[in-house]
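Number of protein chains: 2
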Amino acid sequence: MSTRAERAHQFFLDLQDKITETVATIDGRPFQTDTWDRPAGGGGRSKVLQDGHVIEKGGVMVSFVTGEMSEAFAQQFPGRGREFMATGISLILHPRNPHAPTVHANFRYLEKGKAGDSVAWFGGGADLTPHVLYPEDARHFHQVWKDVCDRSEVASYGGLKKWCDEYFYIPHRKEARGVGGIFFDYLGIDAPELGGKAADLEHVERFVKDAGGSFLDAYVPILERRKNVNFSEAERDWQLHRRGRYVEFNLVYDRGTTFGLKTDGRVESILVSLPSPVKWTYGYEPEAGSKEAELLEVLRTPRGWVD
Amino acid sequence: MSTRAERAHQFFLDLQDKITETVATIDGRPFQTDTWDRPAGGGGRSKVLQDGHVIEKGGVMVSFVTGEMSEAFAQQFPGRGREFMATGISLILHPRNPHAPTVHANFRYLEKGKAGDSVAWFGGGADLTPHVLYPEDARHFHQVWKDVCDRSEVASYGGLKKWCDEYFYIPHRKEARGVGGIFFDYLGIDAPELGGKAADLEHVERFVKDAGGSFLDAYVPILERRKNVNFSEAERDWQLHRRGRYVEFNLVYDRGTTFGLKTDGRVESILVSLPSPVKWTYGYEPEAGSKEAELLEVLRTPRGWVD
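Same order as they appear, the protein sequences are chains A and B. Numbering-wise, the working numbering comes out as the position in the first sequence, counting from 1, plus 2. Numbering-wise, the working numbering comes out as the position in the second sequence, counting from 1, plus 2.
The set of hints was computed from the structure by calculation and includes no laboratory data. Hints may be right or wrong, so weigh each one.
It does not matter which identical chain is used: a pair holds within one copy or between any two.
Under the rule of at most 25 Å between Cα atoms (straight-line distance), these lysine to any residue pairs were calculated in the SDA-like manner [unchecked claim]: (1) K20 / T35; (2) K148 / D167; (3) K211 / I28; (4) K264 / G215; (5) K264 / T283; (6) K199 / G160; (7) K116 / P41.
Given the sequences, and given the hints that come with them, work out the whole structure.
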């Protein structure tokens, strides 16, 4: 294991503490902590807040896994050989109030190949899923990520914003999952067919730390101003149906989720991303001209939020 | 289009009427009917019962589609060429009462290839998903299907029961979706690698009609005796979580659902199969020795229900 891997893992653990402490303070309820071992190598620490006052369901998970990929799986990644190690932080917060958006973020570091013949890269991103559209929230969220990108030698906000819109898309609904944010992968290696870009790993690491460290700036102001907005039963119902879309994306398309489920990952840590409760109603459509219809319009045609 | 395809389609339409009329009488609320056209050829008729007194969400869908498969997709099926036609009935009923099991059934007929050089087969099955285990319900359900198989020249209950257990399985939960029933595919063609079996299509058609016509016998007695059982809030909560498993199976593994979503099928008709409302709670486990734990035990180790 490299010192960069150790450093990234420690950064993710510290970030997990910082984020959960802040969110727990806002919520008034603590996260519960579970640590787990992976029989094939490594393990993780999951922090979960369930039935909070503000957060109806939330999880901030850190893992560090090592081992050998199957031959077929190894071929999908850059680098020779099947040995790998991966560490990452993944978080999702589903607030109770329909006016407060769901947020997701993930940052990860991977190495593949034997020592001396290995490749390494970072991936990650953050995206926002409102159920009631507040353009100023979307603008704030994107502005934070644009600033992070602008501070970095290795990240271009325009490219990462576009990648996010493309990734968090639900083809069968012809809708984006939310108003996006940033998404990147294979940052640090020359793999254009995967979206990867050769870059100094020192610079990439600095960018990822800056992004991780900016998560609370991106989300907390939004949560603070929406968490106590009065809402109607109809708005709550709309939220539960929008959560259905979130479930559809995660179970049908999300690579992390489907990969985890199909490779015997820790199911509880993977599916803590699913909101609860959730509804599906046949032919559920908002009225034309309503603010729900306006949100759908934005989800069907991703727009720019900052210059 | 062959006369067998026309005959199968008409049988499915009549069966849809018969099943929805019977269920609507039990429920006290009618199904709503939507007919739809498929731009590339064919269309369907969906009958949906939402927020009924007995059925919280249910759909009985018939479709008849014709066209050309993509080359890649065509190669996954027996027969030459890309032309195909398919007609089928698919139904799912999610009762409100946690003591009344969810039921699913599907019967379909397919032809592939040009006239004079085509292959044809039937597929289908029925399976039961209880949230509270009543062994007598599982026995009754299986006995009906065993009797149908025993009356047929082309179906062996043992094989179809096993296929059902294997198909409706959730690998990441290491659980069956329910207590099974029967499942078959490619019946009528010699395709052992797909589970298909050469058989006289007259015999197969008679078997499918007998099976479709037996659905109400298999399910209605169970629904009648469980629909009004008193239940606790804890039982309702358990039901909502078990419904989460149903969503996981349908969105992650069910071939019909994922195929439909990824090939631009009619989303509302495909996802009417999803129950509502649904819950996911991190680390949700029944108490040892409870009847919920007993159900899990059965789902983890499929058993025989009839001799």
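Verification of the hints:
no.	hint	result
1	K20 / T35	within (14 Å within a copy, 53 Å between copies)
2	K148 / D167	within (15 Å within a copy, 51 Å between copies)
3	K211 / I28	within (23 Å within a copy, 60 Å between copies)
4	K264 / G215	neither (31 Å within a copy, 37 Å between copies)
5	K264 / T283	between (28 Å within a copy, 20 Å between copies)
6	K199 / G160	within (15 Å within a copy, 55 Å between copies)
7	K116 / P41	within (21 Å within a copy, 53 Å between copies)
When held up to the earlier numbered hints, the structure conflicts with hint 4 and nothing else.
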